[in-house]
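Asks: Residues per chain, in single letters:
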Amino acid sequence: MTKTLLSLSGISKQFDGKTVLDELSLTIDDGEFITLLGPSGCGKTTLLRMMAGFEHPDEGTVTLSGVDITQTPPEHRPLNTVFQNYALFPHMSVFDNVAYGLKMEKRPKAEIAERVEEALAMVQLEDFVRRKPHQLSGGQQQRVAIARAVVKRPKMLLLDEPLSALDYKLRRTMQVELKRLQRELGITFVFVTHDQEEALSMSDRIVVLKDGHIQQLGTPREVYERPANVFTARFVGQTNFFPGRVTKIEGERISVDVFGLTRDLNKPSFRVAMNQSLHVLLRPEDIRVLAPDDTDGVAGKIVERNYKGSTLDSVIELEDGSHVMASEFFDEDDPTFDYSIGERVRVSWVDGWEWLLAEEGDEPLTDEEELAADDAEH
Amino acid sequence: MMRSIKQQPFRAAVLVLVWGWLLFLVLAPNILVVGASVMTRNPSTFISLPLNLDAYRQLFNPLYLDVFLHSLYMAALTTLICLLIGYPFAWALSRVEKRRQMLLIFLLIVPFWTNSLVRTYALKLILATNGLLNSALMSLGVIDEPAQLLYTEGAVIVGLVYLLLPFMILPLYSVFEDLRQDVLLASHDLGAGRFATFKNVVVPLTLPGVLAGVMLVLLPAMGLFFVPDILGGSRNLLVGNVIKNQFLDARNWPFGAAASIVLTLTMALLMFAHRLSKRRLGEEGA
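Line by line, the protein sequences are chains P and V.
Residue numbering for the first sequence follows the working numbering, starting at 4 and increasing by one per position.
Residue numbering for the second sequence follows the working numbering, starting at 5 and increasing by one per position.
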């Protein structure tokens with residue numbers, strides 16, 4: 004059912020001798036909402052600009068519906084871009100901005116008027132046709148930029164951090180609207196952001212990028228719950244990294260020593276050896292905070308508590324000095340539950356909710372561990 | 005409260021300075037010029053009563069109308085050449101790496117430190133019959149005998165362009181600096197080629213700079229009397245020459261004043277057009 008719309012293969016790009024993209028390959032399916040996520044300088048914007056045709060790769064090819072468009076200039080690509088700062092034409096009215104692309108196609112006047120009206124209705128800006136961009140709020144300018152891009156009925160819409168200039172509330176509204184638009188139009192969206200929350204809530208698939216390499220490609224759930232490496236785990240959401248050591252391997256089960264507790268876990272997909280160190284990852288919401296007299300868990304004390312409305316986020320210092328982040332939902336039975344700083348607690352989690360990652364680069368690896376790390380990455 | 009009272013003297017001083025400047029150095033001289041233009045020529049006291057519009061009537065004398073039109077033609081040609089050189093120059097300048105840009109602008113401004121009269125004489129040395137240019141052309145074998153370069157209208161145009169080009173480049177540079185790259189990319193992205201983007205986006209967005217440049221070049225080009233004096237052989241080529249001659253040689257102050265008022269009004273008209281074009285871009289009264 005899904006067919007490839009755009010494929011990038013072996014893309015490399017250097018700027019002033021600095022490698023921005025390194026033999027990167029990626030295929031984008033028709034109709035999906037795919038997000039390029041990464042810190043600034045990871046190559047996500049360059050990648051998007053290459054799809055738009057503003058940059059050309061040093062090596063590699065870009066194919067759209069089977070046609071090589073690597074060297075095609077942007078004006079001949081059936082894709083449109085929503086720019087980070089909207090890039091509206093300041094000397095044109097809202098109508099003329101949206102009509103621009105259709106005028107370039109030399110469409111008949113009546114058709115232009117009809118399609119512009121339609122596009123503006125879609126973003127709820129019908130009443131602003133005569134306004135100039137500077138007479139609109141940031142959110143309205145954003146909508147004009149979207150209408151201007153979709154009016155051409157592109158095969159693909161490229162969005163370069165389109166919401167980064169909006170305030171938090173407006174950003175949430177626009178996120179919902181963009182999703183709605185994408186459903187209604189059935190156009191493939193390629194969305195660039197450095198905001199992992201935005202990426203998780205909007206995307207069908209997320210491409211996590213760092214230093215011009217794809218770190219992980221998967222659904223939001225995969226990226227969040229089963230991060231492929233330490234970078235992804237750290238970048239997407241908050242994570243506790245517990246040091247673990249393999250003490251027993253038995254069939255599909257292994258035993259791992261964490262803070263002196265022995266946990267019986269499923270064998271991870273990478274190769275493990277006896278006494279190997281590994282990361283045991285737990286999201287703050289997976290941490291269970293227990294009473295100090297509980298028999299389970301590790302002893303510690305509360306060093307920070309933050310009321311977040313729906314959750315109570317706390318930081319617990321263990322006896323060895325390491326910090327654990329916990330995020331607990333308020334319970335109907337105990338709506339006033341709270342911690343005081345210095346309160347003694349124990350920290351635990353439900354077996355099976357953790358995620359194991361091999362250690363990377365930080366420490367010298369044995370040959371076997373190196374193999375394991377490679378396995379985890381691929 | 006205390007603060008604002010303490011700030012009052014400074015505020016007052018600044019206002020007095022600004023208004024004083026405008027009043028005594030802008031408004032008063034202009035009133036004097038307007039006054040002189042409606043008075044009668046007097047060989048001993050320069051001007052005297054009664055008031056009349058003779059000077060303005062004299063402007064319509066075919067002889068002076070010719071000078072004015074010819075002057076306009078020379079100035080327009082100068083402006084056009086400055087625009088044709090300055091526009092791509094400013095565009096390229098705005099695209100150069102920032103540090104290099106500062107150096108280039110510095111080089112553009114350096115000639116201002118030398119008096120323009122001196123620079124015009126320097127140009128005379130280059131264009132003279134046995135000057136640099138002729139010698140160079142002859143030693144290269146392009147021409148056999150010196151060409152008449154000096155004391156031609158062409159020499160005057162060269163002089164005017166040379167002196168006024170920076171005034172065209174600087175305002176254009178400023179609009180090109182403000183021209184956002186992503187707006188041009190957006191135009192391409194929406195299907196416009198290079199020419200369509202230039203016509204529909206670059207030109208309208210740089211128009212205020214073009215008009216500012218035209219204002220800064222066209223008017224001085226009509227008034228720079230010493231350029232025809234030095235390079236053009238002292239003919240009445242520009243309105244500036246007429247005005248200078250009326251005040252210094254012919255001693256006809258009313259007529260000189262009337263001619264300079266015509267120049268001022270032309271300037272006002274251009275400024276009005278400039279304002280309109282800026283408003284169209286929404287840079288004012290947002």
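Source of the hints: derived by calculation from the structure; they are not laboratory data.
All values derive from a computational prediction rather than experimental measurement.
C-beta: ideal position from N, C-alpha, C; glycine also.
Take these hints with a grain of salt, some might be off.
Stated by the list, open to error - Pairwise CB distance ranges, derived in the manner of DEER restraints:
| no. | chain 1 | residue 1 | chain 2 | residue 2 | range |
| --- | --- | --- | --- | --- | --- |
| 1 | V | Ile89 | P | Glu26 | 41 to 47 Å |
| 2 | P | His59 | V | Arg99 | 17 to 23 Å |
| 3 | V | Val38 | P | Asp130 | 49 to 55 Å |
| 4 | V | Phe116 | P | Arg175 | 31 to 37 Å |
| 5 | P | Gly189 | V | Ala96 | 40 to 46 Å |
| 6 | V | Leu88 | P | Ser167 | 38 to 44 Å |
| 7 | V | Gly197 | P | Asp71 | 17 to 23 Å |
| 8 | V | Glu101 | P | Glu255 | 56 to 62 Å |
| 9 | V | Leu144 | P | Asp71 | 38 to 44 Å |
| 10 | V | Gly197 | P | Val70 | 36 to 42 Å |
| 11 | V | Leu144 | P | His137 | 53 to 59 Å |
| 12 | P | Gly189 | V | Glu101 | 41 to 47 Å |
| 13 | P | Glu187 | V | Ala277 | 52 to 58 Å |
| 14 | V | Val18 | P | Asp316 | 53 to 59 Å |
Claimed, not checked - A short list of chain P residues far from chain V (calculated; beta carbon distances all over 10 Å):
| no. | residue |
| --- | --- |
| 15 | Lys21 |
| 16 | Glu78 |
| 17 | Leu82 |
| 18 | Thr84 |
| 19 | Leu91 |
| 20 | Glu108 |
| 21 | Lys155 |
| 22 | Asp299 |
Asks: Next, verify each hint and record whether it holds.
Replies: Going down the list of hints, with the structure as the test:
1. V/Ile89 x P/Glu26: 41 to 47 Å: Since the Cβ atoms of isoleucine 89 of chain V and glutamate 26 of chain P sit about 46 Å apart, the hinted range of 41 to 47 Å holds.
2. P/His59 x V/Arg99: 17 to 23 Å: With Cβ atoms ~18 Å apart, the hint holds.
3. V/Val38 x P/Asp130: 49 to 55 Å: holds, 50 Å
4. V/Phe116 x P/Arg175: 31 to 37 Å: violated, 55 Å
5. P/Gly189 x V/Ala96: 40 to 46 Å: Holds, since glycine 189 of chain P and alanine 96 of chain V (Cβ atoms, about 44 Å apart) stay within the stated range.
6. V/Leu88 x P/Ser167: 38 to 44 Å: The hint (38 to 44 Å, Cβ to Cβ) holds, given that leucine 88 of chain V and serine 167 of chain P are roughly 41 Å apart.
7. V/Gly197 x P/Asp71: 17 to 23 Å: holds, 21 Å
8. V/Glu101 x P/Glu255: 56 to 62 Å: Given range 56 to 62 Å: holds, Cβ gap about 60 Å.
9. V/Leu144 x P/Asp71: 38 to 44 Å: violated, 51 Å
10. V/Gly197 x P/Val70: 36 to 42 Å: Since the Cβ atoms of glycine 197 of chain V and valine 70 of chain P sit about 20 Å apart, the hinted range of 36 to 42 Å is violated.
11. V/Leu144 x P/His137: 53 to 59 Å: Given about 55 Å between the Cβ atoms, the range holds.
12. P/Gly189 x V/Glu101: 41 to 47 Å: holds, 44 Å
13. P/Glu187 x V/Ala277: 52 to 58 Å: violated, 46 Å
14. V/Val18 x P/Asp316: 53 to 59 Å: For aspartate 316 of chain P against valine 18 of chain V, whose Cβ atoms are near 54 Å apart, the range 53 to 59 Å holds.
15. Lys21: holds, 16 Å
16. Glu78: violated, 5 Å
17. Leu82: It is violated; leucine 82 of chain P is separated from chain V by about 8 Å at its closest Cβ, not greater than 10 Å.
18. Thr84: violated, 5 Å
19. Leu91: Not fine: 8 Å to the nearest Cβ puts leucine 91 of chain P too close to chain V.
20. Glu108: Violated, because the least Cβ-Cβ distance between glutamate 108 of chain P and chain V comes to about 6 Å, which does not exceed 10 Å.
21. Lys155: violated, 7 Å
22. Asp299: About 56 Å separates aspartate 299 of chain P from the closest Cβ of chain V, which puts it past 10 Å; holds.
Of the numbered hints listed earlier, those contradicted by the structure are 4, 9, 10, 13, 16, 17, 18, 19, 20 and 21.
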